[in-house]
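**Q** Protein chains in written order, with full-length UniProt numbering: chain A, 1 to 355; chain B, 1 to 355; chain C, 1 to 355; chain D, 1 to 355.
For the record, the hints were derived by calculation from the structure and aren't laboratory data.
Remember, it's a predicted structure, so these values are computed and weren't measured experimentally.
Heads up, some of the hints might be wrong.
Identical copies look the same in the list; a pair holds intra-copy or inter-copy alike.
As the list claims (entries may be wrong) - Distance condition first, Cα-Cα at most 16 Å in a straight line; then the derived EDC-like pairs of lysine to aspartate or glutamate: (1) K261 <-> D308; (2) K53 <-> E274; (3) K281 <-> E28; (4) K281 <-> E30.
4 protein chains.
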Amino acid sequence: MSRIRAAIVGGSGYTGGELARLLLFHPEVEITQVASGSRAGQFLHSVHPNLRKLTGIRFCRPEDLMPCDVLFLCLPHGASAGMMEHYRTLAPRVIDLSADFRLRSSTLYQRWYGGEHPATHLLGEAVYGLPELHRAELSEATLVSGTGCMATASILGLAPLYRAGLVNEQMPLVVEAKIGSSAAGAAPGASSHHPDRSGAVRSFQPTGHRHSAELIQELGVLRGQPDGLTQSVAFSATAVELVRGILVTAHVFLNEQIDEKVLWRVYREAYGREPFIRIVKERSGVYRYPEPKILAGSNFCDIGFELDAAQRRVVVMAALDNLMKGAAGNAVQAMNCMFGLDETAGLLFPGLHPV
Amino acid sequence: MSRIRAAIVGGSGYTGGELARLLLFHPEVEITQVASGSRAGQFLHSVHPNLRKLTGIRFCRPEDLMPCDVLFLCLPHGASAGMMEHYRTLAPRVIDLSADFRLRSSTLYQRWYGGEHPATHLLGEAVYGLPELHRAELSEATLVSGTGCMATASILGLAPLYRAGLVNEQMPLVVEAKIGSSAAGAAPGASSHHPDRSGAVRSFQPTGHRHSAELIQELGVLRGQPDGLTQSVAFSATAVELVRGILVTAHVFLNEQIDEKVLWRVYREAYGREPFIRIVKERSGVYRYPEPKILAGSNFCDIGFELDAAQRRVVVMAALDNLMKGAAGNAVQAMNCMFGLDETAGLLFPGLHPV
Amino acid sequence: MSRIRAAIVGGSGYTGGELARLLLFHPEVEITQVASGSRAGQFLHSVHPNLRKLTGIRFCRPEDLMPCDVLFLCLPHGASAGMMEHYRTLAPRVIDLSADFRLRSSTLYQRWYGGEHPATHLLGEAVYGLPELHRAELSEATLVSGTGCMATASILGLAPLYRAGLVNEQMPLVVEAKIGSSAAGAAPGASSHHPDRSGAVRSFQPTGHRHSAELIQELGVLRGQPDGLTQSVAFSATAVELVRGILVTAHVFLNEQIDEKVLWRVYREAYGREPFIRIVKERSGVYRYPEPKILAGSNFCDIGFELDAAQRRVVVMAALDNLMKGAAGNAVQAMNCMFGLDETAGLLFPGLHPV
Amino acid sequence: MSRIRAAIVGGSGYTGGELARLLLFHPEVEITQVASGSRAGQFLHSVHPNLRKLTGIRFCRPEDLMPCDVLFLCLPHGASAGMMEHYRTLAPRVIDLSADFRLRSSTLYQRWYGGEHPATHLLGEAVYGLPELHRAELSEATLVSGTGCMATASILGLAPLYRAGLVNEQMPLVVEAKIGSSAAGAAPGASSHHPDRSGAVRSFQPTGHRHSAELIQELGVLRGQPDGLTQSVAFSATAVELVRGILVTAHVFLNEQIDEKVLWRVYREAYGREPFIRIVKERSGVYRYPEPKILAGSNFCDIGFELDAAQRRVVVMAALDNLMKGAAGNAVQAMNCMFGLDETAGLLFPGLHPV
């Protein structure tokens, strides 16, 4: 069988570079083109130095894109929605890693992103590209949305509790995300200047982070609330010293007294057969709970939990690499689903230790 | 007037070293002795290399301590309580930086530390050494307890809201603390091994952290609940890449709809005249909210807040240097109160930027 | 063809863990046993958390090792030499990653390691396991030595200049190595305690580092000086903030005035066809020269050079991951040579960017 | 006696901010104005957040500068030379922290900086502002130049050996500097973008660094070579993960066999009475040699050495904080000399440990 021809638009950013790295080594894929408005004509490795000696591809101009089997869009938020009809003429399957098609409801979009969505007629078609929740839909999908990196960790960490109906929705859901610098992208600026960013513990979005909307949508689905979770969701984000990685700490209040065995059962049933989810909860050692640093380059989402029975509270921790399971790796996993491939194809790197 | 003669017990640890550094440059203090069981006979600077060329003091044996005006105890938790009667014969004023005398209630102590307190008869005498809350008591105190580093940040950040009666105590208080490696002390071990600790985002205590007890006690006092806050307190702690510093992010739910002006007024009234508390809340720039890294070596606690009016929620952020305002610096400030000195004496270093 | 059966002795350390990770994903290898004196009975992933969900292997006791096709020794220096006869009864091919068999001359060994070598009769048999210099010998070898991590970077960086006879050996060779914390191993201690090691720029071995001996031996061979290079070799090592990685900066003085084209030709001829060596020397960008951080997990050694024509001096820079090309990765590459496999088998991970 | 009125031009950069911090707490100085072309009208603490609550000063426009007693210029290289006549009308004493007046010889300037010096007639007047070498001249000086941060560490580390005539000048002097990110200034850019700069070990200037010229000039003076040292000086610079700090490792070859006692004597004689130089050379412990990280905020230059007797080689290590002893701290020390004050005034902060 011939290889899947894949092209990337917006290939000079971090997500685009990560996708290129993954697809170069993917056993069933051939990269046909990587477009970049700003870097057209230059070698990929001039921007992504880890690809030196591994590929001779040069960036092409976006207007020179040719038809292919799957098109990955790694454009800034707001850039792809208006052009989506055009992109869909180029490929029968499109995966958009921006935020433009994450929310199915134009109301929810408007509330969190401001302004009218530029292509509301496509919202219903787009599938939220999280295989663990939407595997069946992905196998049929022609338009798939990437997922927010912090949203992915939060949703994967919390989904089993919501699906099992354990959560007291009268109480708030509090999610605190710690995140590395690569999530802010490849463009330098004051907030990424090393003397200021190094060693920072910076509350950059204590309230109102847009990834909240994805939690509200996806956890709502699990609760049969199609207009979004009605529970109060308090999401805050803090930048920490790390390039790649996210740790989400979520405080969930339960509607009944349970013991830890119930939690183990709920998580094992949800994730026992998932190739990229590991339950991490050990009695001893330094890595008792999910730790993002050992996930750099891997597609795992590690999930742990701790019960505070007296307070009917569970603390859920979920870790991932924001450029992998939080972006490019997850997109490749979604692509594997869309094409009926082994879901782990091209995604086997396990992460390093120590690192 | 002659200088205050101060001695330190347990001077080879991080808190002891920081105290020594502060007292060496304190205009009203003379260090008479620094005791260390393990380092007796060695120069201070052999353990604290920043003190090279600044002092010729050597550690003495604990049993060789002589009378002085104020004795600082920097011993492991549990070590000072049983010996306190002895230490009080050496000095009319004792400041114990361990956790042994932080809790006034032996019940609360037993619940959080396990086992009977070894000197319950002294619990009533000890003052929780946070000048911003107990200034008047400190001026009379002979036995003062240091404060927990994460507790200090949390309590200072939250006190104005509790004192003003703004908090909905039917809802949980969720506090997530991010903390540097020096808080775990000077003894090497698996959890501080650099290849593992570097770049870590490690949930080391998702539930049940002992510093919770200090919040329960001190916020309870502010609410007229002498047995401790009855509200549910969900405190979790995450180690991040940083040597010195804490950032606490607290989610508080309010019992009425308020606007931001109310919060400004409440915080300004509480802290407008405090020398070591700064309200940090700016519209632009990289340092819009408290950032622990620029506090290294300073005694400031920086506090910020952001209102989520729709959810009747405030996110409070508080940052400090765990060895300064979270330990030794705060102890010197307390000492200044006890001796009627200018509270800022010896504590003027403003912190560095960039760093 | 059946898979190569490989076993690891000393599998709980960093090199052993890295080897296990590589061999688990090696297409031609099956790990039969991983021995550890201290961890026997425990799961591999209890020590190497990146291997969770990837293998169910447990550590066995060293005395329970069974015959296999190739045995990797990851023991502390001095531990394998005395036991080598025993290990060779277990496998027809042994790769010893300790320093015990790096030096062919017992005199050189004695000068740099002190004391008599415990198995001098085997020194002649052992091949210095650097494929770029000893590929032909490796294909016949039954006893192969791993290479020192800083020595590997230095030798690979300098070999082309020495082989070409460009170096003025009347002048000193000055090599300054910058190195991450994982090179000091998995055992915690005062020098790896995070509050002290974090952000350090520590001259831990300004003179007399044992890796010098490998330079003297290997560069000597290239100059036809079988007793070792007669030139003065000044090697110093500085620990920097990094977990994995080495950058070596070498100052070489030339015996004639040359221009940069000569250098390009010499390096291209030496390494143009090497799968794991990249010449990195660009006119612009942030990654103009070798940078170890983007090599974490990869088996590349990146090499760059800059000519100071006026001073007849070349500065050579070489970067690698000390656990990969500096240890386990290079050992797998050597194994591939020994078994006549594609040299890149199991070693294709390209490294991450950003990271 | 009234306070010295000091003003700063170029106060929004890192050196300007550090100077402001030091002068705010200097017992004999009053800051009258801080000028900034880009920030005029804004509060100092909007740019230097560590100065919050410590000063209400706002930046003024450079054209609004008033006469004062001493004017500090913290402008980019090349900006002050052409304006120097103007600045000297504003203050009887000017300290220029740029590189414009570091070199006394216009030939040397032209060779290293390219182009004609814009004010050659002033070169003879300017004093190289290193108190340890030019204390007497400083007490008379009206125009003083700041010193290059890496040059300062190198010169202070090497001066005793050169002055004592121990160096074999037929052999090269090799100096390798490791340096933190703050040395590149406050302007963000690709090379300071956190995901790329974090954890970097980057050879940014393997040959030809301009600080070489200062070594050539100042070590030349000590050898009676007024046109500059004739020895070959090989200086290379590597950026490492650190915000503040420099470690210089210098390899010096000696013209005779000496023992370590000679070195101790030479260094003790040179620096025994210097307030800001410490000889750091210990037999045990983690801080056996100079370590820049514990110098952050301090004005110390720590110097160590190790003799390789067999090779007649000394490795000299020198560490300092590039913004303190490498820039602003040293400038204040020079100012203290110029005004006949205690040289340590305003410079007593000892640095932190751990940090």
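**Q** Which of the listed hints are broken here?
**A** Hints 3 and 4 contradicted; others consistent.
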